[in-house]
Amino acid sequence: MAQLHEYECPKCGGALEFNSAIQKLKCPYCDSEYEISEFEAVDSALDQTENEQDSVDHADGADSEDSASGLVSYVCKSCGGEIVGDSTLASSACPFCGNPVVMMGQLSGSLKPDYIIPFKLDKKAAKEALKKHLEGKKLLPKVFKNENHIDEIKGLYVPFWFFDTDVYADIVFKADKTSLREDNENSYRDVAHYSLSRKGNMSFENVPVDASQAMDDALMESIEPYDFADAKKFSTAYLAGYAADKFDIESSSCLPRAKDRISLSVAGAVKNSITGYENVTLENADFEYSDTFAKYALCPVWLLNTSWNNEKFTFAMNGQTGRFVGNLPVDKGALKKYFFTVAGISALIVYLFINFFLG
Amino acid sequence: MKIFTSFLLIAALLAFVFSFSVTVFADYETDGGYEEIQIYGSESDGDYAKNEKSVKIFDLKNLLISLAVGALIGLIVVSVMKSKLKSVHRRDTASNYALSLNSVIEKSDDTYLSTDTYTTPKAKPPEQ
Ligand SMILES: [Zn+2]
Ligand SMILES: [Zn+2]
Numbered sequence: 001m002a003q004l005h006e007y008e009c010p011k012c013g014g015a016l017e018f019n020s021a022i023q024k025l026k027c028p029y030c031d032s033e034y035e036i037s038e039f040e041a042v043d044s045a046l047d048q049t050e051n052e053q054d055s056v057d058h059a060d061g062a063d064s065e066d067s068a069s070g071l072v073s074y075v076c077k078s079c080g081g082e083i084v085g086d087s088t089l090a091s092s093a094c095p096f097c098g099n100p101v102v103m104m105g106q107l108s109g110s111l112k113p114d115y116i117i118p119f120k121l122d123k124k125a126a127k128e129a130l131k132k133h134l135e136g137k138k139l140l141p142k143v144f145k146n147e148n149h150i151d152e153i154k155g156l157y158v159p160f161w162f163f164d165t166d167v168y169a170d171i172v173f174k175a176d177k178t179s180l181r182e183d184n185e186n187s188y189r190d191v192a193h194y195s196l197s198r199k200g201n202m203s204f205e206n207v208p209v210d211a212s213q214a215m216d217d218a219l220m221e222s223i224e225p226y227d228f229a230d231a232k233k234f235s236t237a238y239l240a241g242y243a244a245d246k247f248d249i250e251s252s253s254c255l256p257r258a259k260d261r262i263s264l265s266v267a268g269a270v271k272n273s274i275t276g277y278e279n280v281t282l283e284n285a286d287f288e289y290s291d292t293f294a295k296y297a298l299c300p301v302w303l304l305n306t307s308w309n310n311e312k313f314t315f316a317m318n319g320q321t322g323r324f325v326g327n328l329p330v331d332k333g334a335l336k337k338y339f340f341t342v343a344g345i346s347a348l349i350v351y352l353f354i355n356f357f358l359g
Numbered sequence: 360m361k362i363f364t365s366f367l368l369i370a371a372l373l374a375f376v377f378s379f380s381v382t383v384f385a386d387y388e389t390d391g392g393y394e395e396i397q398i399y400g401s402e403s404d405g406d407y408a409k410n411e412k413s414v415k416i417f418d419l420k421n422l423l424i425s426l427a428v429g430a431l432i433g434l435i436v437v438s439v440m441k442s443k444l445k446s447v448h449r450r451d452t453a454s455n456y457a458l459s460l461n462s463v464i465e466k467s468d469d470t471y472l473s474t475d476t477y478t479t480p481k482a483k484p485p486e487q
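Chains as they are written, first to last, in this note's numbering: chain Z, 1 to 359; chain U, 360 to 487.
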């Protein structure tokens, strides 16, 4: 379970890190650069069965798992320090020597991700995005910008399931058609009611659902979408220098969430295709899914934890696209001020308008 | 929402004070015809005494309408500003990941059910 791996620089022995700007491994000590493909031999070890891996590890005596707390400890190969992480931690930095390490056992065998979307944006970009995120928000407490400090900023590979599926929809809507006519006595409005049946197929590709229990689902959905075109065949070399978690929610438990979103999309698309009717309302919908396929991929997320007034604020940035989200506190005083100013001025304008132009 | 109610409360209080003063004033000056003044101001043709007074009187109905509209506009502006602070939402759909949102329909079937007719009598043309 707890075999550690460090990517050592072949020239100087320093611990290599994945550099998002050049999409290569780079040695922070001698600036040598290496292609990911140069380290593929390491990954082939991941395809060994988990059983073999386990027996090797236990012989090493390098790991101890405290099943009660869910914590796992590892021994750093560089400095001998103890690295403690929760049972889903798959990659981290040694807290003592700072060397990036990858927990190989967390990613081997059936736990090996199919794909990884490498980081494209670095820590500096994340910090700048936070600054920008705080700009132009009138109801944000003024002191928040100054007093809010970043407690923690980390690049994390979050496990996702990406679902491909075809869906056959059989949907019934109710709808109206209105026509007007008149004779000498009366005018008539005829509302004709219809039942509309629509059947059709739609295909979806790479619908993401976050597979980590610890991650806030709303936060992860807010930084979507990821462009799966950039996904690479998984290699642990990408993890060097970043934290990574392995999945702890099975794909079968994530699929219903994907289906919920897909069915709403399909119902919406089918409804939009209806023309010539009014008051189109959904009456009944059946969805049949076929060729459903789940891919396990790690996605890059910058997580920023900040605190202000003893309250914690979490921000997330999509490490591929730069999309930045995070809820901010509301300045109640400013809220009242703006409300009464706007309400008072508009009431006055409306009052004057009614009295002098309509009265 | 709290702020909205407090604004309406203040508005109601103001309205009460104004309506009270208008009532007293109108009662005293116009001898029973105050109801018309209080609500509409006075528009009746030929009654110049009433017309002159109505200009000075606070119009309760208009005041209330103005306050309500003002509060509504304030509420809308403030909620738009507030929504800018909230950027974490769950997604409803997966439309980003649909291969094609067009030409999905393979079979459509429209069934006529019934018709409701609503009749409005025409206004009779003025008789000559
Ligand atoms: Zn080096
Ligand atoms: Zn170490």
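Hints listed in this document are in silico derivations from the structure and should not be mistaken for laboratory results. Please note: incorrect hints may appear among the correct ones.
[Claimed, not checked] Residues from chain Z that face chain U, not an exhaustive set, calculated with beta carbons under 7 Å: (1) Leu196; (2) Asn206; (3) Leu255; (4) Pro256; (5) Lys259; (6) Trp308; (7) Lys312; (8) Phe313; (9) Ser346; (10) Phe357.
[To be verified] Once the Cα atoms are required to be at most 27 Å apart in a straight line, the calculated BS3-like pairs of lysine-lysine come out as: (11) Z:Lys138 - U:Lys441; (12) Z:Lys336 - U:Lys441; (13) U:Lys441 - Z:Lys145; (14) Z:Lys123 - U:Lys466; (15) Z:Lys124 - U:Lys443; (16) Z:Lys177 - U:Lys466; (17) Z:Lys142 - Z:Lys337; (18) Z:Lys271 - Z:Lys199; (19) Z:Lys77 - Z:Lys145; (20) Z:Lys131 - U:Lys443; (21) Z:Lys127 - U:Lys445; (22) Z:Lys199 - Z:Lys26; (23) Z:Lys142 - U:Lys420; (24) U:Lys443 - Z:Lys145; (25) Z:Lys336 - U:Lys466; (26) U:Lys443 - Z:Lys337; (27) Z:Lys233 - Z:Lys145; (28) Z:Lys312 - U:Lys443; (29) Z:Lys336 - Z:Lys137; (30) U:Lys441 - Z:Lys312; (31) U:Lys420 - Z:Lys336; (32) U:Lys420 - Z:Lys259.
Note that CB positions come from ideal geometry on N, CA and C, so glycine has one too.
Going down the list of hints, with the structure as the test:
no. : hint                : verdict
1   : Leu196              : holds (5 Å)
2   : Asn206              : holds (6 Å)
3   : Leu255              : violated (12 Å)
4   : Pro256              : violated (13 Å)
5   : Lys259              : violated (9 Å)
6   : Trp308              : violated (13 Å)
7   : Lys312              : violated (14 Å)
8   : Phe313              : violated (11 Å)
9   : Ser346              : holds (4 Å)
10  : Phe357              : violated (12 Å)
11  : Z:Lys138 - U:Lys441 : holds (9 Å)
12  : Z:Lys336 - U:Lys441 : holds (12 Å)
13  : U:Lys441 - Z:Lys145 : holds (17 Å)
14  : Z:Lys123 - U:Lys466 : violated (52 Å)
15  : Z:Lys124 - U:Lys443 : holds (24 Å)
16  : Z:Lys177 - U:Lys466 : holds (21 Å)
17  : Z:Lys142 - Z:Lys337 : holds (14 Å)
18  : Z:Lys271 - Z:Lys199 : holds (11 Å)
19  : Z:Lys77 - Z:Lys145  : violated (41 Å)
20  : Z:Lys131 - U:Lys443 : holds (15 Å)
21  : Z:Lys127 - U:Lys445 : holds (19 Å)
22  : Z:Lys199 - Z:Lys26  : violated (54 Å)
23  : Z:Lys142 - U:Lys420 : violated (40 Å)
24  : U:Lys443 - Z:Lys145 : holds (16 Å)
25  : Z:Lys336 - U:Lys466 : violated (55 Å)
26  : U:Lys443 - Z:Lys337 : holds (17 Å)
27  : Z:Lys233 - Z:Lys145 : violated (40 Å)
28  : Z:Lys312 - U:Lys443 : holds (19 Å)
29  : Z:Lys336 - Z:Lys137 : holds (15 Å)
30  : U:Lys441 - Z:Lys312 : holds (19 Å)
31  : U:Lys420 - Z:Lys336 : holds (26 Å)
32  : U:Lys420 - Z:Lys259 : violated (53 Å)
Of the hints listed earlier, those the structure fails to meet are numbers 3, 4, 5, 6, 7, 8, 10, 14, 19, 22, 23, 25, 27 and 32, in rising order.
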